[in-house]
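Trainee: Sequence:
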Amino acid sequence: MLQQRSPIPQTETPLPPKQTLPTMYDLPSEDAEEPGLPDEFHSWQPQLLSRTLQLPDYPSDRIFVGSDLNLYYDVHHSLWHKRPDWFLVVDVSRLYEETDLRSSYVVWQEGTNPFLVVELLSPGTEKEDLGQFVEAEVDATEENNGQPTREIPPRKWDVYERILRVPYYAVFSRYSDRLRIFKLDGGRYQELILDADNPRFWIPELKLGLGVWQGDFEGINRRWLRWYDSVGNWVQTDAEFAIAQAERERQKRLELAEKLKSLSLEQLTILGISPSDLE
Numbered sequence: 003m004l005q006q007r008s009p010i011p012q013t014e015t016p017l018p019p020k021q022t023l024p025t026m027y028d029l030p031s032e033d034a035e036e037p038g039l040p041d042e043f044h045s046w047q048p049q050l051l052s053r054t055l056q057l058p059d060y061p062s063d064r065i066f067v068g069s070d071l072n073l074y075y076d077v078h079h080s081l082w083h084k085r086p087d088w089f090l091v092v093d094v095s096r097l098y099e100e101t102d103l104r105s106s107y108v109v110w111q112e113g114t115n116p117f118l119v120v121e122l123l124s125p126g127t128e129k130e131d132l133g134q135f136v137e138a139e140v141d142a143t144e145e146n147n148g149q150p151t152r153e154i155p156p157r158k159w160d161v162y163e164r165i166l167r168v169p170y171y172a173v174f175s176r177y178s179d180r181l182r183i184f185k186l187d188g189g190r191y192q193e194l195i196l197d198a199d200n201p202r203f204w205i206p207e208l209k210l211g212l213g214v215w216q217g218d219f220e221g222i223n224r225r226w227l228r229w230y231d232s233v234g235n236w237v238q239t240d241a242e243f244a245i246a247q248a249e250r251e252r253q254k255r256l257e258l259a260e261k262l263k264s265l266s267l268e269q270l271t272i273l274g275i276s277p278s279d280l281e
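Note that this note's numbering numbers the sequence shown so that position 154 is 156, with each residue one more than the last.
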């Protein structure tokens with residue numbers, strides 16, 4: 003008599019990282035090794051970028067901007083993160099899971115990688131930000147005296163280029179006022195050639211350009227990174243727009259007053275205007 007075979011057990015489909023790895027609420031939002039911003043510029047410059055960002059094709063609730071925020075990027079090392087000075091994600095909810103402010107940006111939870119990252123160079127960060135090697139280093143997977151060495155997180159450059167594959171990467175130095183922009187091409191960043199006297203670059207996917215502007219922001223006159231529109235005008239901050247709007251209204255009142263002064267007394271009377279009102 004033939005024995006009945008037991009059914010072959012079916013292998014369960016692995017759950018996606020979003021369900022198995024830590025969420026934004028589980029991961030640290032601060033880095034004890036980098037407790038604060040290195041200088042005031044690292045506070046003001048991201049604010050100017052955020053306040054002048056106007057994307058024609060994306061509503062405000064489908065744009066997320068992060069500044070000095072932990073960016074968790076590796077499903078195999080869930081605590082590894084970078085902390086970009088400024089980054090932009092498009093076509094993603096402004097709020098985490100449509101409800102909450104973000105304390106970090108976790109790519110396996112969000113499902114969308116940054117479209118643009120901006121790093122502001124500080125003394126000693128050039129190698130991290132630009133991917134240059136200081137010295138020959140031992141590969142993190144090699145053994146040291148028979149003992150495996152701990153894995154070392156990759157540099158920002160490698161994370162943005164090879165892991166997250168961020169389409170555009172901008173690096174700006176406040177010391178030299180030099181803007182460098184890299185575009186992902188064939189899996190590797192290629193540096194774009196900018197006009198040295200007027201460094202600007204148009205990003206067609208955003209219908210917005212990024213350039214270096216000389217001007218006054220929050221009482222500080224210097225060269226800043228700033229967005230410009232399709233006709234080449236710098237995008238105004240909300241405060242600048244209010245000032246410009248008030249000036250336009252003042253000019254309209256002056257023009258109207260000049261027109262009224264040319265009217266006769268009879269015409270002014272018909273309009274219910276006293277000549278003293280024009281003084």
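Incorrect hints may have been included.
[Unchecked claim] Cross-link-like lysine-lysine pairs, in silico, DSBU-like; alpha carbons within 35 Å at most:
(1) Lys20 x Lys209
(2) Lys185 x Lys209
(3) Lys20 x Lys254
(4) Lys185 x Lys254
(5) Lys209 x Lys129
Worth flagging that the hints you see were computed from the coordinates, not collected in a lab.
Trainee: Give a verdict on every hint.
Mentor: To see whether the hints hold, each was checked on the structure:
1. Lys20 x Lys209: Between Lys20 and Lys209 the Cα gap is close to 32 Å, so the pair holds against 35 Å.
2. Lys185 x Lys209: OK: Lys185 and Lys209 at ~16 Å, within 35 Å.
3. Lys20 x Lys254: It is violated: about 57 Å lies between the C-alpha atoms, which goes past 35 Å.
4. Lys185 x Lys254: violated, 45 Å
5. Lys209 x Lys129: holds, 31 Å
Of the numbered hints given earlier, the model fails hints 3, 4; all others are met.
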